[in-house]
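2 protein chains.
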Amino acid sequence: MAKKIFDGINQGELEKLLDCMKATKRTYKSGEIIITYSGQIERTGIISGGEAQVIKYDIDGNKTILERLSGGDMFGRLFTYFSNDGDISVICTRSCEVIFIDLKDITKRCENACTYHSVFIENLLEILSDRSITQSVRIDILSQRTLRKKLLFYFELESKRQGKRSFTLPFSLSSLADYLCVDRSAMLREMKNLRDSGIIHSHSRQIQLLNMNNA
Amino acid sequence: MAKKIFDGINQGELEKLLDCMKATKRTYKSGEIIITYSGQIERTGIISGGEAQVIKYDIDGNKTILERLSGGDMFGRLFTYFSNDGDISVICTRSCEVIFIDLKDITKRCENACTYHSVFIENLLEILSDRSITQSVRIDILSQRTLRKKLLFYFELESKRQGKRSFTLPFSLSSLADYLCVDRSAMLREMKNLRDSGIIHSHSRQIQLLNMNNA
DNA sequence: ACATTTTTGTTGCAAATGCAACTGCTTTTT
DNA sequence: AAAAAGCAGTTGCATTTGCAACAAAAATGT
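Here the protein sequences come in this chain order: A and B.
Counting in the working numbering, the first sequence runs from 313 upward without gaps.
Counting in the working numbering, the second sequence runs from 313 upward without gaps.
Please note: incorrect hints may appear among the correct ones.
Copies of one chain are not kept apart here, so a pair can be met inside one copy or by any two copies together.
What the hints assert, rightly or not - EDC-like mimics (lysine to aspartate or glutamate), calculated; alpha carbons at most 16 angstroms apart, straight line:
id : residue 1 : residue 2
1  : K375      : D399
2  : K341      : E327
3  : K328      : E379
4  : K416      : E438
5  : K461      : D397
6  : K316      : D385
7  : K461      : D495
8  : K472      : D397
9  : K315      : D490
10 : K420      : E434
11 : K416      : D397
12 : K420      : E438
13 : K368      : D452
In case anyone wonders, no lab produced these hints; they're calculated from the structure.
Computed from a predicted structure; not experimentally measured.
Make the full structure from the sequences, and use the hints.
Quick look at the structure:
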């Protein structure tokens, strides 16, 4: 399971910790903009309840969901995205409570001898590290030169993750095409080819890997 | 300029810091393997002199350079890569000195009141964050559906980075093809098309962006 | 229960791409 | 100085892919 920022810190400690870090809280209603990434961002946000999305609006007004955030997820400083065109915002999608902390208050030497402060930083480092690995995986997939290789590479990974040769995709086929950055119809055509070649069985989101040798 | 781990820490402080973190040092000759990523990695390494490379050997024995490391660069714990096939190693390419630190000694509460300890952590967070942005950029480039768009997107970025419409590529055209994950000859063909369409001027690594409107 | 939106599935076609093979030029090594 | 290795550039060809357009099924909202 993915590490969450408050893992290993109990309720009582958490309150002291937030106090020590001069954390502020605010609630947002669904639809409200929590932050927009523009200029310098100093604060780091932690979703403590509800749901939010990191969204990119490009010049043409199309929006892309970059990430879904729920309890324990973070955004803002240290979690910046890159955008060549258009703005990136964090928008509340289900009324949520957000904790804001300044980076300086995270890294500063803790005058109160709170041991959980170091747990917090350890978690933070781990989260950033994990995030990087997730991106590394995505890059590995996108590095595959052909659609077929992208598909098989992804299927192989997902199969390993779920521990079965037969599994259900965690999202829709349309989303998969977006994730692999390929045309949806071209992807479905290629899946048909894979079926016809006897390399996979598939029906909608149900995938079964057969003899990968022929791949 | 990219943040380095010891930025803002002077020599005297550095020695105290390394002492406080129970850092160990070792030197390696060119060709020596510094670590291989297998199983759990607890230590984080910092190159303090010389050069090393993060290399992936896939099943067929092909090697890929994932990253080049020089003074101040880090590897090991928190800097893990993902590999579906084959091993990843850090190999010394020019006799180098390496500082090793245990993650626990980085995050632990510092008994000695060393202020630079928090600077160290701040730098570390920043480095991990920057690394994630670099990956995010790469993903954005690879997300472009066609070779032409990948090229133009990359050229646009590089042009902004260098602050000129006319610039020199930071690596060879072969390496660029690798970076964009496309066939080299197909890429050169597309660059020729861009030239013929009057969108760029280019000769070897010299690129000049003209009227991007036609793109 | 009905209307609307999303998702899955398919096909034709032109254009883009990977692959392989070959040339000449430059840099590095021996 | 010769040999080897790497880099830039080109071309033919079969295959892959994006794009557009359409249809049916499933999910969602009212």
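Hint check results:
1. K375 to D399: within (10 angstroms within a copy, 38 angstroms between copies)
2. K341 to E327: neither (24 angstroms within a copy, 50 angstroms between copies)
3. K328 to E379: Result: close neither inside a copy nor across copies, 30 angstroms intra and 41 angstroms inter.
4. K416 to E438: Classified as between: cross-chain Cα gap 12 angstroms, same-chain 19 angstroms, threshold 16 angstroms.
5. K461 to D397: between (29 angstroms within a copy, 14 angstroms between copies)
6. K316 to D385: within (7 angstroms within a copy, 27 angstroms between copies)
7. K461 to D495: For K461 and D495, both the intra-copy (14 angstroms) and inter-copy (15 angstroms) Cα distances are at most 16 angstroms.
8. K472 to D397: For K472 and D397, only the inter-copy Cα distance (13 angstroms) is at most 16 angstroms; the intra-copy one is 36 angstroms.
9. K315 to D490: neither (26 angstroms within a copy, 33 angstroms between copies)
10. K420 to E434: For K420 and E434, both the intra-copy (14 angstroms) and inter-copy (8 angstroms) Cα distances are at most 16 angstroms.
11. K416 to D397: Neither way: K416 and D397 sit 30 angstroms apart in one copy and 40 angstroms across, limit 16 angstroms.
12. K420 to E438: between (19 angstroms within a copy, 14 angstroms between copies)
13. K368 to D452: Between copies only: 12 angstroms across chains, 23 angstroms inside a chain, cut-off 16 angstroms.
Hints 2, 3, 9 and 11 from the earlier list are contradicted by this structure; the remaining hints agree with it.
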